[in-house]
Amino acid sequence: MSSDPADNDTGGTITRQRPVYTESQVIMTTVKAVIPFVLTYGLFITFHGTGSPGGGFQGGALIASVVLMMAFAFGIESTREWLSNRLVVGLATLGVAIFAGIALVPMALGANFLEYTAYYPVLGDILGLKEYEFVKYGMEAVEIGGIAFIVAGVLMGLFFALAAGVTPSDDTESAADTDAASNTDTMTGDTAAEEVNT
Amino acid sequence: MSVAAGASAVGLLPIQSVGITPVEASLFVFVLTTAVLTALFRDVLASIVIFAAYSLGLAVIYTFYRAPDVGLTEAAIGAGVTTVFLLLTIAKTTRPASDARFEAINWPAVGICGLFVVVVAVTLPAFPAVGDPASPILTTADVSGYYIANAYDETGAENAVTAVLAAYRGFDTFGEAIVVFAAGVASLLVFGREVFTA
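So the sequence lines, in the order shown, correspond to chains A and B. In this text, residue positions in the first sequence follow this note's numbering: the first is 83, and each later residue adds one. In this text, residue positions in the second sequence follow this note's numbering: the first is 15, and each later residue adds one.
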């Protein structure tokens, strides 16, 4: 980021030539040391949402920030390949499905939307829980399986989508080329223009 | 200079009535200073770093006023994830070649903002003092009083905020989670289609 002003003066078109990711021993060591604690804190906040400050939203954001830190330290593309896009989008979708499932099952049992106590007649004897405890554990399930999954998945997905193209890899470029070749939509014009520029 | 003058002019009456402590006052000054500097710095990277400091100051203020849930969110989303997203965004842009450290001040905009601050400041004396037992939120507390009195008995959650979010107002939270998911998926579709094909 702190390129000296001489870079800007050379050449007519100002393009950032410096690679954004440079392997830094300091950052990698720091992230390696910090990650276990941040992840533990994120899980703690998620799981203790009913008993202490925090909850699925804050915990999910912290868990996603662990992935963000890893991407900054070890390279965005390698982190993306390690996690796979399918997993990130699937996490958010699974969160919506779990939240909706927990909310809709009471309706099938004849109660209202999200009425946790409706689980009591069905599962009360099996799990050995009191009626009000179903509210508590229902909230926990919604916080952990619903909100935390959605927030973590969406934040990671946004990060990878924003980071796409910051560190160009041969992999993504070839994918874009095949897309441009196969599709006949407006994208082909854009990629053609980019190729002319380069 | 102008920041300190503004803070004392705005906060003269409320600060006296609230009995503000030096810690709170310094936090307010810190947040105001970082907010103004964020707008003034010409270098976008410097602006983003100061904006992260601003979010961190806000998070400390929230925690100081016994809103740790909001403070956690501000720290994780405001200071952490948003900073990363903004950094990624400027990594794709180019720096304008300029030696100026600060942005040229747009005086009409300053006038409009100052007018807005004056309008808001006029309403400040109408607010009850922080923690005032005679404030309307505590004397005529039909809804919030019910939550405080019954949240633990009915839901088993020590954290009444979570009880409201996930049980009493669970339907709203469900809607929020869907909004987050829909916004995330829409963003992924818009700017990540060729690299983020899940």
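Fair warning: there could be bad hints in the mix.
Which chain B residues face chain A? A few, computed with CB under 10 angstroms, are given here [stated by the list, open to error]: (1) Asp-146; (2) Pro-150; (3) Thr-154; (4) Gly-184; (5) Glu-190.
Just so you know, these hints were derived from the structure itself, not from any lab. Ideal placement from N, C-alpha and C gives every residue a C-beta, glycine not left out.
Hints the structure violates: just list their numbers, smallest first.
-> When the structure is compared with the hints, numbers 1, 2, 3 turn out to be violated.
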